[in-house]
Amino acid sequence: MKISSYIRGEVFERGIHPPAQKLTADLPIRRLPFPPQVVVPVSQHIGKPPRVVVRVGQEVVRGQPLALAEDWLSVPHHAPVTGVVEAIELRPSARGPWTQSIVIRTHPGASQEDLWAQPRDLSTASGQEILQAIWDTGMVGLGGAAFPTHAKLSVPKQAKAHTLVVNGCECEPYLTCDHRLMVEHADDLIAGIHYGLRATGAVRAIIGVENNKPEAIKAIQAAIDRDKLLSSEHEIHVEAVPTKYPQGSEKMLLMALFGVEIAAGALPISLGMVVNNVGTLAALGRLLPRGQGLTERVVTVTGPGVARPGDYRVPIGTPLQFILDTVGAPAESREVILGGPMMGQAAPSLDVPVTKGVSGVLVFRGEDLASRQKRSTYPCIKCGECVESCPMGLNPSQLGMLAAKREYETMGEQYFLGDCFECGCCTYVCPSNIPLVQQFRVAKQVLRERAAS
Amino acid sequence: MSARIELRTAPHVKSPRTVETIMRTVVLSLLPICLFFIYQYGISAAASILVVTGACLVAERASTRAGGQSGDIGDWSATITGLLLALSLPPGFPLWMGAIAGLVAIFLGKSIFGGLGRNVFNPALVGRAFVQAAFPTAIASYTPSFLPGRFGEFIPSSLALPFMQPPATDAWVKAMQIDAIASATPLSQFKFEGVVAGFDQLLTSLGGHLAVGPSPLLILACGLFLAYRRYLDWRIPVAVLGSAVVLGWALHAFDPVRFADPGFVLLSGGLMLGAIYMATDMATSPVTPKGALLYGALIGVLTVVIRDFSGLPEGVMYAILIANAAAPLIERVTQPTPFGRGPSSKVRRATYPLTPSYISREEHHAVVPEKGSFKPKVNQ
Chain A
1 MKISSYIRGE
11 VFERGIHPPA
21 QKLTADLPIR
31 RLPFPPQVVV
41 PVSQHIGKPP
51 RVVVRVGQEV
61 VRGQPLALAE
71 DWLSVPHHAP
81 VTGVVEAIEL
91 RPSARGPWTQ
101 SIVIRTHPGA
111 SQEDLWAQPR
121 DLSTASGQEI
131 LQAIWDTGMV
141 GLGGAAFPTH
151 AKLSVPKQAK
161 AHTLVVNGCE
171 CEPYLTCDHR
181 LMVEHADDLI
191 AGIHYGLRAT
201 GAVRAIIGVE
211 NNKPEAIKAI
221 QAAIDRDKLL
231 SSEHEIHVEA
241 VPTKYPQGSE
251 KMLLMALFGV
261 EIAAGALPIS
271 LGMVVNNVGT
281 LAALGRLLPR
291 GQGLTERVVT
301 VTGPGVARPG
311 DYRVPIGTPL
321 QFILDTVGAP
331 AESREVILGG
341 PMMGQAAPSL
351 DVPVTKGVSG
361 VLVFRGEDLA
371 SRQKRSTYPC
381 IKCGECVESC
391 PMGLNPSQLG
401 MLAAKREYET
411 MGEQYFLGDC
421 FECGCCTYVC
431 PSNIPLVQQF
441 RVAKQVLRER
451 AAS
Chain B
1 MSARIELRTA
11 PHVKSPRTVE
21 TIMRTVVLSL
31 LPICLFFIYQ
41 YGISAAASIL
51 VVTGACLVAE
61 RASTRAGGQS
71 GDIGDWSATI
81 TGLLLALSLP
91 PGFPLWMGAI
101 AGLVAIFLGK
111 SIFGGLGRNV
121 FNPALVGRAF
131 VQAAFPTAIA
141 SYTPSFLPGR
151 FGEFIPSSLA
161 LPFMQPPATD
171 AWVKAMQIDA
181 IASATPLSQF
191 KFEGVVAGFD
201 QLLTSLGGHL
211 AVGPSPLLIL
221 ACGLFLAYRR
231 YLDWRIPVAV
241 LGSAVVLGWA
251 LHAFDPVRFA
261 DPGFVLLSGG
271 LMLGAIYMAT
281 DMATSPVTPK
291 GALLYGALIG
301 VLTVVIRDFS
311 GLPEGVMYAI
321 LIANAAAPLI
331 ERVTQPTPFG
341 RGPSSKVRRA
351 TYPLTPSYIS
361 REEHHAVVPE
371 KGSFKPKVNQ
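First to last, the sequence lines map onto chains A and B. If you use the numbering used here, the first sequence corresponds to residues 1 to 453, in order. If you use the numbering used here, the second sequence corresponds to residues 1 to 380, in order.
Keep in mind the hints are simulated off the structure, nothing from the lab. You can trust all of the hints, since none of them are fake.
Just a sample of chain A residues kept apart from chain B, beta carbon distances all over 10 Å, derived:
#1 GLY47
#2 PRO97
#3 LEU115
#4 ALA145
Computed cross-link-like contacts, DSS-like style, restricted to lysine-lysine with a CA-CA straight-line distance of at most 30 Å:
#5 A:LYS405 to B:LYS290
#6 B:LYS14 to A:LYS444
#7 B:LYS290 to B:LYS14
#8 B:LYS290 to A:LYS444
#9 B:LYS191 to B:LYS174
#10 B:LYS14 to A:LYS405
#11 A:LYS22 to B:LYS14
#12 A:LYS228 to A:LYS218
#13 A:LYS374 to A:LYS22
Derived coverage of chain A by chain B (criterion: at least 3 residues anywhere in the stretch with Cβ under 8 Å from a Cβ of chain B; other residues may be distant):
#14 324-335
#15 349-363
Source: prediction; values computed, not measured. Beta carbons: idealized from backbone N, C-alpha and C, even for Gly.
Make the full structure from the sequences, and use the hints.
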């Protein structure tokens with residue numbers, strides 16, 4: 001533990017401070033034009049894919065369900081544009097393999113209004129009814145995990161939730177979509193929090209925002225004050241937490257707010273808490289009263305060399321190629337990352353569409369990568385930087401050496417590989433340029449396969 | 001735009017710090033110390049630094065050329081080894097012996113283990129231990145510092161021919177005609193003659209003609225810079241110096257005549273250089289924070305024990321080598337406790353109470369109904 005981090009008041013130990021690079025923090029959210037064609041993957045969330053209910057050649061209206069959830073851990077999808085279903089076929093996905101996708105050709109003349117939506121009054125709805133309404137919107141965690149929100153908000157029978165923790169940290173460098181949502185749509189966020197509180201039965205909500213976003217905190221505080229005039233049903237606070245990566249991890253945020261370590265393997269509900277992302281709740285606050293489905297999301301499109309970086313409201317299913325053409329990405333783009341630079345995934349192709357879990361599109365040019373490319377890889381010099389940066393208190397140096405020897409069982413049993421959530425701190429700081437996180441991902445995969453067989 | 005995009009794995013950004021920058025910064029921080037050493041002992045010291053470091057670089061290049069090695073001279077680690085080795089040798093150490101020390105340091109101390117990051121022992125100290133065993137007289141013969149003619153002529157022993165006995169330096173030192181002649185280090189003087197050198201003289205290495213290395217104050221300043229920029233683990237020097245002072249103080253309180261005072265313990269010999277530059281060698285010290293403290297404490301205690309209870313005046317080198325050997329074991333027993341696996345998840349700083357106030361109040365006053373007091377009606 002570092003003495004200086006205590007002095008600075010950072011309450012979770014270790015972690016790193018990568019350059020924030022929030023180039024788009026002051027730009028308002030803009031709408032991206034509707035692409036001529038959208039590709040909606042049937043499975044874009046954690047859980048079972050829903051059942052497709054449209055056929056090829058069918059005309060669809062924006063907001064109309066394309067696929068319906070048949071399993072609890074699944075969500076419906078809605079048409080992001082008004083147009084014609086052109087094909088239901090395999091298309092490239094962010095993870096690499098081609099997946100079943102619904103391809104819709106956009107009507108160029110359509111107004112693209114959500115005519116399907118039916119506004120409803122949820123002011124007297126019960127928790128169960130709200131959960132059902134959330135399920136109907138097809139909402140998943142917009143922070144990146146894409147876990148169905150209705151499942152996350154439903155409290156198990158034997159447990160009781162009293163606090164809804166709202167995660168507005170956005171600790172990934174470059175990304176600003178949550179930041180802009182908090183600044184511009186704080187009222188939607190508060191409305192979403194009320195729905196979340198009623199769905200979970202919690203009585204208190206605490207919004208944790210990293211202290212490098214003072215205007216977001218101010219906007220939320222103003223929204224809370226406005227909200228208090230209308231109702232005093234729930235207790236809502238906004239709290240500045242220290243800026244440090246990975247503050248946005250659930251465990252780290254709870255540590256900052258309540259000073260407790262969640263036991264390894266336990267969920268926040270063991271403390272009576274449910275954690276949700278600001279983007280998700282702001283979207284709920286907007287969609288639920290209108291009865292709309294999730295057809296678009298805010299995506300940060302940024303990176304060095306992007307001509308018009310910003311936070312864009314993008315229809316789900318917009319291909320990356322269209323986004324990059326619209327914002328003026330450099331011709332020599334060499335790496336396109338979905339998500340943030342620390343945990344995001346490099347897109348295998350520009351035909352990959354934006355899905356519900358994509359929070360950012362980050363473009364790097366060849367020259368931005370050159371310095372990394374030139375770096376040589378050394379053996380571990382045991383500098384201990386990784387040990388001092390691992391937020392989970394693991395020993396990445398030791399794990400890396402074991403991974404090189406393929407001693408995966410030892411890693412899992414003695415060195416708690418399972419606790420690693422792949423935040424990338426160890427790899428970020430490693431002066432020897434060892435791809436630690438990648439080794440851990442491989443090791444985990446092998447352990448999972450061995451456990452399954 | 002081109003469709004050629006690359007696939008990489010997260011994280012996609014990287015800290016600018018590399019092995020080269022770490023090593024280069026350590027070399028830069030050593031330069032003032034080397035300059036001071038040259039200021040103290042003149043051209044002999046300069047020649048010694050150049051020859052020893054050159055030998056290390058030659059050995060490193062030869063090893064990496066032979067293959068199977070990681071790293072190269074471009075990573076600056078062999079330069080650090082050479083500079084530290086030269087600083088730990090007497091300034092009038094015969095240059096050919098210095099070259100052997102440098103070759104042994106890299107070949108036996110580093111290359112046979114597989115090169116950068118794989119060595120078990122601090123290479124500079126392996127080289128020094130070798131020449132201490134091979135040339136015990138030469139390594140114990142110090143000349144006084146700040147001799148008037150130090151920039152004009154070499155200390156005669158420096159230029160001894162290879163495999164030849166170096167000439168004695170006593171006559172040469174006498175010819176310099178200085179008042180107080182100290183031809184033994186303060187540690188030897190204390191051990192064998194019971195003379196304690198002055199505190200401020202030891203601290204700055206200035207004043208008089210003490211046969212000492214560069215100023216501990218200067219080394220400390222360079223070490224503070226490195227620790228502040230996080231190029232070395234502050235825990236190790238703190239633990240080394242702290243444990244040495246505590247043990248030295250306890251022994252001094254027990255018998256002030258036989259055991260030196262803690263200030264002398266701290267500033268004499270190679271303790272400061274060893275604690276800040278040699279014990280902190282990354283590859284040979286534990287990576288775990290607790291392990292670093294334990295490892296440092298072991299070095300401090302062993303140094304004082306060797307100095308006070310053995311036939312040797314100085315013990316830093318052996319203390320560090322023994323602790324190097326113990327480092328893997330120390331690391332094994334001091335693995336960090338992962339998040340959420342501690343013995344108790346105690347609340348450290350709570351901005352908010354864990355439960356909303358009125359819930360805990362309700363639960364506090366809640367009357368738990370006795371078991372069986374409520375009987376559901378059974379329809380018959």
